[in-house]
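J.: These are the residues of each chain, in order.
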Amino acid sequence: MGVDIKQYIAKRCAQELTSGVVNLGIGIPTLVADYLPKGKVTLHSENGILGVGPEPDPNEFVVDPETIDLVNASGVQPITALPHASYFDSSLSFTIMRGGHLDATVIGALQVSETGDLASWAVPGKAVLGVGGAMDLVIGAKRVIAALSHLSPKGEPKILPECNYPLTAKNRVDTIVTEYAVFKFREGRMYLVEMVDELTLEQLKEMTPAHYEVAEDFKVVKREVEGEAVLV
Amino acid sequence: MGVDIKQYIAKRCAQELTSGVVNLGIGIPTLVADYLPKGKVTLHSENGILGVGPEPDPNEFVVDPETIDLVNASGVQPITALPHASYFDSSLSFTIMRGGHLDATVIGALQVSETGDLASWAVPGKAVLGVGGAMDLVIGAKRVIAALSHLSPKGEPKILPECNYPLTAKNRVDTIVTEYAVFKFREGRMYLVEMVDELTLEQLKEMTPAHYEVAEDFKVVKREVEGEAVLV
Amino acid sequence: MMNGTIDQIQTGVEFLNADKAIQRIPEGASIMVGGFGFPGMPRHLSKALVRRTELDQLTLIMNSLGSVSTLNALFEQNRIKKVIGSFFSTNKELVVAYQEGKVEIDLLPQGTFTEAIRLGGAGIPAFFTPTAAGTVLAEGKETRIINGREHVLEQSLTADVAIIRAHKADKAGNLVYKKTAQNFNPAMATAAKLTIVEVDEIVEVGELDPDSIGTPFIFVDIVVKREEV
Amino acid sequence: MMNGTIDQIQTGVEFLNADKAIQRIPEGASIMVGGFGFPGMPRHLSKALVRRTELDQLTLIMNSLGSVSTLNALFEQNRIKKVIGSFFSTNKELVVAYQEGKVEIDLLPQGTFTEAIRLGGAGIPAFFTPTAAGTVLAEGKETRIINGREHVLEQSLTADVAIIRAHKADKAGNLVYKKTAQNFNPAMATAAKLTIVEVDEIVEVGELDPDSIGTPFIFVDIVVKREEV
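Protein chains in written order, with numbering that gives the first Met the number 0: chain A, 0 to 231; chain B, 0 to 231; chain C, 0 to 228; chain D, 0 to 228.
For reference, chain A alone in the conformation it holds in the complex (with noise of 0.2 Å):
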């Protein structure tokens, strides 16, 4: 998958995102940053800050471990604040995703089910030894939006009737965004919503193993990224 796909997938989670709070995992949902609204929407990352600004300038910024004291949730990249910031520690800055304050987050997926049950964090036969706040946000978040690549790179189906990968948390996904489709969630049932034009619903639905209807607002769209037809 090229990086036009991932800027497609990130620039069309974005167009969810008008107002609020979010916050964004790592993978395709960083880059959804880049076409957020200027000023209206707020970044959260969770290791203590709400009001994510730009990286710093990688010219004029270095890294000395012994006394950066701010970096985005991955811990060792650098950012910067916006004006409107504000500091807090693990437990306030939990409370703000389990407690269900963030109007959403976008976090990439390996699997989504037909209930929108998430696997996201681990592979089936392969020690677990990490989750980090993924469950959390998943769990607290008012919108969850699962970017991901509608197959894998085996060309497997990754959105299923059931996730048969380590789930993050059941029945948590509202929104599914891939490079051909939109899937939403609406009283516990999934409709397709959008897809691009290059495809039939007959071919998608081929790729697409997990149950769903057709909204009765489904609409076809054109698959362009800054005014430039992405490359499959």
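Think of the hints as simulated: they come from the structure by calculation, not from any bench.
A hint or two may mislead.
What the hints assert, rightly or not - Simulated crosslink set (DMTMM-like; lysine to aspartate or glutamate; CA at most 20 Å straight-line):
#: 1; chain 1: C; residue 1: K177; chain 2: B; residue 2: E186
#: 2; chain 1: D; residue 1: K177; chain 2: C; residue 2: D208
#: 3; chain 1: C; residue 1: K19; chain 2: C; residue 2: E149
#: 4; chain 1: D; residue 1: K167; chain 2: A; residue 2: D68
#: 5; chain 1: A; residue 1: K153; chain 2: A; residue 2: E205
#: 6; chain 1: D; residue 1: K167; chain 2: A; residue 2: E205
#: 7; chain 1: C; residue 1: K167; chain 2: B; residue 2: D63
#: 8; chain 1: D; residue 1: K224; chain 2: A; residue 2: D216
#: 9; chain 1: C; residue 1: K167; chain 2: D; residue 2: D105
#: 10; chain 1: D; residue 1: K167; chain 2: C; residue 2: D210
#: 11; chain 1: A; residue 1: K37; chain 2: C; residue 2: D6
#: 12; chain 1: D; residue 1: K177; chain 2: A; residue 2: E65
#: 13; chain 1: C; residue 1: K167; chain 2: D; residue 2: D210
#: 14; chain 1: A; residue 1: K141; chain 2: D; residue 2: D208
#: 15; chain 1: C; residue 1: K46; chain 2: C; residue 2: D105
#: 16; chain 1: A; residue 1: K125; chain 2: D; residue 2: D210
#: 17; chain 1: D; residue 1: K177; chain 2: C; residue 2: E141
#: 18; chain 1: A; residue 1: K169; chain 2: D; residue 2: E141
#: 19; chain 1: B; residue 1: K39; chain 2: D; residue 2: D6
#: 20; chain 1: B; residue 1: K37; chain 2: D; residue 2: D105
#: 21; chain 1: A; residue 1: K125; chain 2: D; residue 2: E203
#: 22; chain 1: B; residue 1: K125; chain 2: C; residue 2: D208
#: 23; chain 1: B; residue 1: K37; chain 2: D; residue 2: D6
#: 24; chain 1: C; residue 1: K140; chain 2: D; residue 2: E141
#: 25; chain 1: D; residue 1: K177; chain 2: A; residue 2: D63
#: 26; chain 1: A; residue 1: K37; chain 2: C; residue 2: D210
#: 27; chain 1: B; residue 1: K141; chain 2: C; residue 2: E149
#: 28; chain 1: D; residue 1: K224; chain 2: A; residue 2: D68
#: 29; chain 1: A; residue 1: K183; chain 2: A; residue 2: D196
#: 30; chain 1: B; residue 1: K169; chain 2: C; residue 2: E141
#: 31; chain 1: C; residue 1: K224; chain 2: B; residue 2: E65
#: 32; chain 1: A; residue 1: K169; chain 2: D; residue 2: E149
#: 33; chain 1: B; residue 1: K125; chain 2: C; residue 2: D159
#: 34; chain 1: C; residue 1: K170; chain 2: C; residue 2: E200
As the list claims (entries may be wrong) - If you anchor each label on the Cβ, the simulated ranges turn out as follows:
#: 35; chain 1: B; residue 1: P152; chain 2: D; residue 2: G11; range: 37 to 45 Å
#: 36; chain 1: C; residue 1: T52; chain 2: A; residue 2: I25; range: 30 to 38 Å
#: 37; chain 1: D; residue 1: K192; chain 2: C; residue 2: V135; range: 44 to 52 Å
#: 38; chain 1: C; residue 1: T52; chain 2: D; residue 2: D6; range: 25 to 33 Å
#: 39; chain 1: A; residue 1: K37; chain 2: D; residue 2: S211; range: 27 to 35 Å
#: 40; chain 1: D; residue 1: E99; chain 2: C; residue 2: V135; range: 50 to 58 Å
Every residue gets a Cβ at the ideal spot worked out from N, C-alpha and C, and that includes glycine.
Since the structure of chain A is provided, determine the placement of chains B, C and D on it from the hints.
T.: What follows is chains B, C and D alone, placed relative to chain A:
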């Protein structure tokens, strides 16, 4: 009971406190502050300060309910802060208390039992409309010093085999200080460690239905406050 | 990555006067009220709450009510259904209303009260505390021996509305507290659907030290400046 | 009431160098280590811990271990019995030690980890959280439906020792934190029997704004200035 007896109890309680952080309850415990070694014992107040200083000069300080921002746990009495003071919210204040971080509390008592149960907040048959922070103080402080007059105004004993008033906490009293005696709990048993020279052991026993033993380090003391004899 | 200048920043926090802010409270609401005695008590919001006389069947969640309180009128006017807190012994109006069976009181130890609010705001609905074990305040509650000690299972608290007080707000809605006027206010801000804050002063975005902010704007809905009543 | 000048104030907090501070850690201790990536990580105390080679059978309680960590030597030297935290996937030494069965790992969601420490320090030993319900991380744990939602009962965390980092300490032992270097440090300070803090700077009593103090001295035992290693 005259002021002098309260002062004697307060002074005797202060002898128990040579360092660390202490929370003083209302009533007799408040008087303990005057007898503490300067700078060695820091006072905590549950409304959110560590490092309580003296009251401001009432001739110079006028309480404006609209703007006052530094009071003790009464909620209305202005105080000052010592140079090493810090302020915090109620969550952290009760983390200090419940979490076992206070070196001691001195708390007024209605009754104490021979197993170290404390009754300090309610009277049987009356509506129970206020408990405040007493239960958290007593459950959490490393040492609980109960300060009380030996008998009720009606001459009834307060140090009993079992409390018949509603409990504040079970098995938490470490030391009992009255105008006549000091008792300590050691490995779950109650010991008389000190008595004023105005009584015999038999007279004390008559006023003290709780079962206790005379400690090996028991001593008889003169009852004095600031060098003057105390009037009973 | 997203950038923004002070002018562009929109957090959605509203700046209203006390009466307009109190107008947002729904009928029969549960309302957390900040303050420990005088400091941190939202006096002007309380007065506005008393003025909005059609609001009744309210539940108040507040630590204590002193002998003189702006909110006493609510008891005289029979507008309070229930009170949850730790110390109400010295408030004559409330004691009378309770004795006449007009008000229900849920008494909690103060540390349980404050932690229940903090955890309510943090999405944690219940916790085991050693406080009150073996006392009348644990009657009817589930208990469990943990680490050899008896603990009581307590339910966390959330509310429809919090009316709180802070020292300063910036125009994004971030709050700074002062001295012992913090008390229950920061926790209450996190635990209510609608948080209304009374402040001494409103400053420009960027004027508050980001390390000094006690409540980030995400927990704030409406800011009321004290003199604008 | 008690008065006191700056000279008279004695809080019992000690000021030592890193090696002398680490000397206080008992054999087989459980040790909380602050930091989220670089910020707030007590690097000099970590180095001193590695230097004290006779300390083994340790339990580390820390959120994560990055790909390069001062503490890696502890795994190579087989001095760690168990690790409790939320993210260890990228640390090669730990992954190898785990695969060889030399280290036990207790994995917790990060929010559960941080709250378990905060509540451990607050004397609350267990709590119900919705996080991880229905996932492998809830396996073997008690669950309960509360407010119609499944919750997991989690145990709080305390430790023998916390090694943390702050920006400044005053000579009474009060701590001030900066930006995203706070993270787990304030909670860890409350949850250990012995709290050792590494700071950038030590200032006189009275130089810190009392409203800015993130950790009051009551939670601090030993302060180590960074350069005094």
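J.: If any of the earlier hints don't hold here, list their numbers in rising order.
T.: The structure breaks hints 1, 3, 6, 8, 9, 14, 15, 16, 17, 20, 21, 22, 26, 33, 36, 37 and 38; every other hint is satisfied.
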